[in-house]
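J.: Sequence:
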Amino acid sequence: MLTLIGAALLVAGCSTGPDLDTLATGSVPPSAYAREPVPKGIAPDDWAAARTALAEALREKQAAPSVPWENYASATRGTVTPLGETGDDGKCREFLMSFVREKQEDWLQGEACRAGKSGWKVDQARLLDR
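Its first residue numbered 1, the sequence shown is counted upward by one per residue in the UniProt record's numbering.
The set of hints was computed from the structure by calculation and includes no laboratory data.
It cannot be assumed that every hint is accurate.
[What the hints assert, rightly or not] Within a straight-line C-alpha distance of at most 20 angstroms, the following computed PhoX-like cross-link-like pairs (lysine-lysine) qualify: (1) Lys-117 to Lys-91; (2) Lys-117 to Lys-40; (3) Lys-91 to Lys-121.
[Unchecked claim] Ranges between beta-carbon positions, derived for each pair: (4) Asp-129 to Leu-83: 30 to 40 angstroms; (5) Gln-109 to Pro-68: 13 to 23 angstroms; (6) Leu-127 to Thr-86: 26 to 36 angstroms; (7) Asp-129 to Pro-37: 15 to 25 angstroms; (8) Gly-41 to Ala-73: 34 to 44 angstroms; (9) Asp-88 to Asp-45: 28 to 38 angstroms.
Using N, Cα and C, we set each Cβ at its ideal position, and we do this for glycine too.
Let the sequences and hints guide you as you build the complete structure.
T.: As structure tokens, then:
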């Protein structure tokens, strides 16, 4: 009987753990990006997923390999590629971001600048013409 109660408690404990779909990774919480406007033509949830990958890609001091991202809810995925510094002070960097869903692919070009301890703020972002 004691074994059954113990097993029931173990099984019940599995359903009360954290919701892994809502946990965020990275040094800057997604709520910090809420102050940035979502670029025109990009879904807010896709932007949040891509923006997290952008923060990771910009951690490197120089242009780095592309960082993949995916929004499972919208079946959209892509990559973020930092291109290099802009200006003389080295506080801003250009990037390219892809958005792929079904048979459609869009590219967004932008610039992000250091925003103190909170990471990077996207100052410019626009979808490229096809």
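J.: Each hint should be assessed against the structure and marked as holding or not.
T.: Results for each hint:
1. Restraint check for Lys-117 and Lys-91: the C-alpha separation of about 13 angstroms stays at or below 20 angstroms, so the hint holds.
2. The suggested pairing of Lys-117 with Lys-40 is violated, with an alpha-carbon distance near 27 angstroms, which exceeds 20 angstroms.
3. Under the criterion of a C-alpha separation no larger than 20 angstroms, the hint pairing Lys-91 with Lys-121 is consistent with the structure, at around 11 angstroms.
4. Between Asp-129 and Leu-83 the Cβ separation comes to about 18 angstroms, which falls outside the hinted range of 30 to 40 angstroms.
5. Judged by the Cβ atoms, the range 13 to 23 angstroms given for Gln-109 and Pro-68 holds: they are separated by roughly 18 angstroms.
6. A hinted range of 26 to 36 angstroms is violated for the C-beta pair Leu-127 and Thr-86, which are about 19 angstroms apart.
7. Checked against the given bound of 15 to 25 angstroms, the beta carbons of Asp-129 and Pro-37, roughly 20 angstroms apart, stay inside it.
8. For the hinted restraint 34 to 44 angstroms between Gly-41 and Ala-73, the CB-CB distance of approximately 18 angstroms leaves it violated.
9. For the pair Asp-88 and Asp-45, the supplied restraint of 28 to 38 angstroms holds, since their beta-carbon distance comes to about 36 angstroms.
Hint check: violations occur at hints 2, 4, 6, 8; the rest are consistent with the structure.
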